[in-house]
Amino acid sequence: MSGIVGLIHTNKAPVDPSWLRRMTEVMTFRGPDAQTIWSQEFVGFGHAMLQTTWESAAETQPYTIDRQVWIVADARIDDRHTLIEKLELTHRTISNEQILTDVELILQAYLRWGDDCTQHLLGDFAFGIWDDRTQRLFCARDHLGVKPFYYARVGDCLVFSNTIACLRQHAQVSSKLNEQTVGDILLFDFNYDLATTIFADIQRLPPAHTLTWSSRGWQSRQYWTMPVPELIRYKQSQDYIDRFQELMGQAVGDRLRSDRVASFFSGGLDSTTIAATALAVARQRNQPLDLKAFTIVYDTLIPDRERYYAGLAAARLGIPIDYQVADDYTLYQGYDSEFPTPEPANNPLEIVNGERLRRVAGHSRVVFCGDGGDESLTPTSAIDMLKTMPLFDVGADLSRAYFGFGLQPQWGSGLLGWLRRGGNSPPAPAAYPHWLNPDFARSLDLPQRWAQFGNEPDPVVDSPRSPAYHKINSILWASLLETNDPGHSGVPVEVRLPFIDLRLVSYLLALPSTPWCTNKTLLRMATTHSLPAEIRLRPKTPLAGDPLTSKTLQPQDRASIANVLRAVESYVNIDKVTSLLEQHLNWEDFTPISFAYWCDRALPVITKDLQLGSSTSRHDTS
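Quick note on numbering: the sequence shown equals residues 241 to 862 in the numbering used here.
Mixed in with the good hints there might be a few duds.
Restraint ranges, calculated between C-beta atoms of paired labels, are given here [unchecked claim]:
(1) Gln823 x Thr570: 12 to 20 Å
(2) Asn526 x Asn695: 52 to 60 Å
(3) Pro469 x Lys780: 23 to 31 Å
(4) Phe693 x Thr789: 22 to 30 Å
(5) Leu684 x Gln375: 34 to 42 Å
(6) Ala601 x Trp827: 40 to 48 Å
If you are wondering where the hints come from, they were derived from the structure by calculation, not from laboratory data. None of the values given here were measured: they were computed from a predicted structure. All C-beta atoms, glycine included, are put in the ideal place defined by N, C-alpha and C.
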């Protein structure tokens, strides 16, 4: 969505508007509609607007109600009606004379409840508020971390943004790397510390945290943790389905504030359930809706039937579908010209995702994604069920599964197979990377970190749904959410994820695993009247092959890789990585190569070159 930046000189030196303007304009690629700055004395905000909701057409940021408290935000607030009632602003919604924007709702909540405003906000948000009455900055990030928030404390300055490229524009923010983060990325493919980034000077505000600054100093505080819900027990099976459909309708409806929307579409249950719900919500509202599906398919590289199944679902729903054939993309294609990701990402086929988003951008600024469905509906092993549930309840759930629904083998491996396996078995961990530079590894004691974190068990959670709970709360999941942001992709499209709506997640984590999570029985039953039987009864299966490992490096690719590896010789053993190039590469073998490409491309980039478009309007406020 929009790009935000805030700048505070802690020594009370005046803010230079030209610097603030430059940092704001570097976010034009993600906020092309308007770039606006506001500053007074030693504080300044900047905003790059991407309009994605009806209300945002009337929005101007940075925003103030009384010229004493100012806000800059990248936010979509859900369950707006409840919040408006709490704020006693219902009189403002009777007529259309004045539209309540999301940014105003956040500011009204802050004026009403102060720092506790986050307890009343639902949605995806990252914002900063300057309170001139108390000479204090208050910032917050949403519960699960859909919206990124980064900041740097350099010299006598505190600067924040949701865009790393913006922070790198500041003269005092260096490109020095955080070596502990480098070690984590090379070991695990992601950063184990949610409070840091790849850059030593740039910190990350973790999900569900606030950041405050005043003359007394700064503080970061966690305002929320995911509660461990008790299992829901309804008398009637239909009650479970009805409640799911109600909450899914709310989750999709709050994200459906546009007449033109796209969908990352597959032939599976998650994305098709969202699309069917969006159409149902639009019909109920009498809302015109131009919904288009976007599907990645492989016709020759690997056995893949997504074209067939996605086409069936699209035909049943009556929506057009765009097929992106991904067979002929090559490894690291476009790395010298594609938008550089703000942090390293081990995705040699990143161009496939980038091209999909550019196709989406030609249709809409909003795209629905089914991520979160697999995580929230992760089934619990039989052993864990018996450990955490009364034997009577386990028996009752098994009876409901077989006698109530008559689960059929074609739905997957079946409940008996699941019981025999003891539930989901995690893949065996990869071996410690032998290609790490030994001096670098010793300096950070990486073998010990590998042993500590690579095999660290999940904390004990007293719930039969602990596997799902841990997945939703995992560091890896939080890291993956950020990759949907336009600051990562360079494409002005907002990815919205109904399955991680807090109301829906809380409900799904409270469901009895059997039968509702076994082979996604809940979704199969809930879509009886909206999806074809072939989709509903289709086994849950991954791609029949791995597109990445199915591709081979060409001689010119190996020469290019050997060249970029020089940029990371202090971190990896070049000879050992080069020797990998003659072999069949597994996913983890690409890690040092992807890191080298990122260092070669992203580190030297002057951030002003990231401007991929020009502003349609710009004004300053003082």
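Evaluated hints:
1. Gln823 x Thr570: 12 to 20 Å: Hint holds: Cβ distance 18 Å, inside 12 to 20 Å.
2. Asn526 x Asn695: 52 to 60 Å: Holds, since Asn526 and Asn695 (Cβ atoms, about 55 Å apart) stay within the stated range.
3. Pro469 x Lys780: 23 to 31 Å: 24 Å, holds
4. Phe693 x Thr789: 22 to 30 Å: Holds: the Cβ-Cβ distance is about 25 Å, inside 22 to 30 Å.
5. Leu684 x Gln375: 34 to 42 Å: With Cβ atoms ~40 Å apart, the hint holds.
6. Ala601 x Trp827: 40 to 48 Å: Check failed, 29 Å falls outside 40 to 48 Å.
In this structure, the one hint that does not hold is number 6.
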